[in-house]
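A.B. asks: Here are the chains, one letter per residue:
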Amino acid sequence: MTDANRVEIRITGFGGQGVVLSGHIIGRACAVHAGKHATMIQSFGPEARGSACSTTVAISDTEVLYPYIGRPDVFIVMSAEGYDKYRDELKNDGTLIYEKDLVRPKIKDGQPSFGVASTRIAEGLGRAIVQNIVMLGFFAAVTKLVPQEAMREAVAKSVPDGTQELNLRAFDAGWDAFEEEYGNTAGAEKEAEEALVST
Amino acid sequence: MKTDPKGVLTGVHYLDGDYACGEGAMAAGCRFVAGYPITPSTEVVERISRRFPFMGGTFIQMEDELASMAAVAGAAWTGTKSMTVTSGPGFSLMMENIGLAAMMETPCVVVNVQRGGPSTGLPTMVGQADMMQARWGSHGDYKVIAMSPQSPQEAFDLTIDAFNLAETYRVPVMFMMDECVGHMTEKVVIPDADEIDVVPRALSKKTPADYQPYAVNGRGVPEMVRAGDGYRFHTTGLTHDDRGYPEMSAERQQINVRRIMDKILLNVDDIVRIEEEDVDGAEVVVVAYGITARVARMGIDLARKQGVKVGFLRLVVVWPFPEKRIRELAAAVKAFVVPEINLGQMVLEVERCAAGQAKAVLVPHAGGGVHDPRVICDAIVEAAR
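If you're matching them up, the sequences are chains A and B in order. Residues 1 to 199 in the working numbering are what the first sequence spells out, letter by letter. Residues 1001 to 1385 in the working numbering are what the second sequence spells out, letter by letter.
I should point out that these hints are in silico values taken from the structure, not numbers from a laboratory. Errors might be hidden in some of the hints.
[Claimed, not checked] Taking lysine-lysine pairs in the DSS-like style, the calculated list, with each CA pair at most 27 Å apart, reads:
hint, chain 1, residue 1, chain 2, residue 2
1, B, K1187, A, K144
2, B, K1309, A, K157
3, A, K91, B, K1006
4, B, K1334, B, K1305
5, B, K1263, B, K1206
6, A, K100, A, K144
7, B, K1263, A, K157
8, A, K144, A, K108
9, B, K1002, B, K1263
10, B, K1002, B, K1309
11, B, K1309, B, K1334
12, A, K91, A, K144
Go ahead and model the full structure; you've got the sequences and the hints to work with.
C.D. replies: Structure follows, in structure tokens:
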């Protein structure tokens, strides 16, 4: 809203994918482990079981007065239905992050878009259920919005006891997937930008 | 007195308002909860029922809200700090026994996570339209205390305060959350048990022969005993004498009902909790509570950019109403602006206290969402003209 440093995120998927836990982990990483303010809101209603489910997080360096989001800066999508429901909401220059085996987005100019096969990566780790944590690792690498260590700490504190090691591997796998797929281009783009600034 | 560490989950957490309220209750020493779970309050009892076994607490899922409130009033008389949790439809059903608890002078906490009403209304969406019901919902003359948190952190802190006020004044305290605060997740810091002050039950030290259940001390609040401790024990919803026995007379009615009103009225300064910002020299003062207090501050910032001198008064305790302070401010400001998620409730109280000295302008919202801060800003700018 009026807060210049405010970042708004929407995460959507189908019930059971861990959409709400994903929002909780991002919020916790910011608010508990990175000294920011973060307010998470989860959708309530019949849609929370089975079909499209969603959660939002508003992050700021100052107190979050308005808890709901307007047009998100970052849109994390884990299902086609969720994409259809919320795609128009993303800011014109917002970042799209999607499960590339489940979502076929119509990429728009001006919206940096990054896909990851988070379900397949999770299956490769032995448990499809950690798909959302793979996605969080990927998100963290794409946006660098929250320090990597804060995110890892939040993952470890938010998942059931005994699953921390698996979940942290899932997080790292998501982070690495970004580095492998986009790392060089992202680096090159950054260099190009810096070159522009210096001239 | 410091609280029992068994109920305190010390640490830095990321919790929703409902969970934080449940943690506040346990940290305050609450060990009995009866309820009939209802959206958007269910997470409060979900949290409590999961954690109670580790601290010797009892949660009962009752057959309905009438029974829930009755069980809570009964449990309080065993010396156990007790609470029930509901939303609008259940709050309506509890009203009869809330009146009973007020008449029996029973310390307890009633949490209402407000959703849109009337009737079943908007089960999963926010409202603040039970504020007058909290004060006037049961029949007859009585007074309760009501408070309204603006964040999960405050849901924790104020729930402890609610239990302390309930014990201090032997009244049911209405904990008027709203769905937005209940379902929003934020950082919540829970301190060590030795940093949490709680008011223990003021048990009578008199001998059973000397004890009279409704004989008053200097504060107008009688001492309690625990049912079953060997004291004469009688309590009733009927107008009663010092022994707790029914006495149907105009004289006794005057003594009995006057006192349960006065124990709040005469201690208003101790009970009222308000927060003020920049009210000195303000043309307009915004009065708000719960989630609306946060959104209102954005409207205030916008209005200040247009050059309006705006102050802010947040009602942390809503009932008793800070009558004296509103009256003082009314003499100095042009108008009060009152945004609330209802079609006009606490604004009536502001208007009453302003008594024509300043306007009281409602910024209504029928429920299902929070205000657009720009609408609050427009109302402030208009009121300053």
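A.B. asks: Work down the list of hints and note, for each, if the structure agrees.
C.D. replies: Results of checking the hints against the structure:
1. B:K1187 to A:K144: 21 Å, holds
2. B:K1309 to A:K157: Given pair B:K1309, A:K157 is violated - Cα atoms ~45 Å apart, limit 27 Å.
3. A:K91 to B:K1006: Measuring from Cα to Cα gives roughly 47 Å; hence the hint is violated.
4. B:K1334 to B:K1305: The hint holds at about 19 Å.
5. B:K1263 to B:K1206: Roughly 22 Å between the alpha carbons, so the hint for B:K1263 and B:K1206 holds.
6. A:K100 to A:K144: Distance of about 20 Å is within 27 Å: holds.
7. B:K1263 to A:K157: 47 Å, violated
8. A:K144 to A:K108: 22 Å, holds
9. B:K1002 to B:K1263: Satisfied, since the Cα-Cα distance of roughly 25 Å is no more than 27 Å.
10. B:K1002 to B:K1309: The given pair, whose Cα atoms are some 43 Å apart, is violated under the 27 Å limit.
11. B:K1309 to B:K1334: Between B:K1309 and B:K1334 the Cα gap is close to 11 Å, so the pair holds against 27 Å.
12. A:K91 to A:K144: Distance ~18 Å between A:K91 and A:K144 Cα, so the pair holds.
The structure is inconsistent with the numbered hints 2, 3, 7, 10, although it conforms to all the rest.
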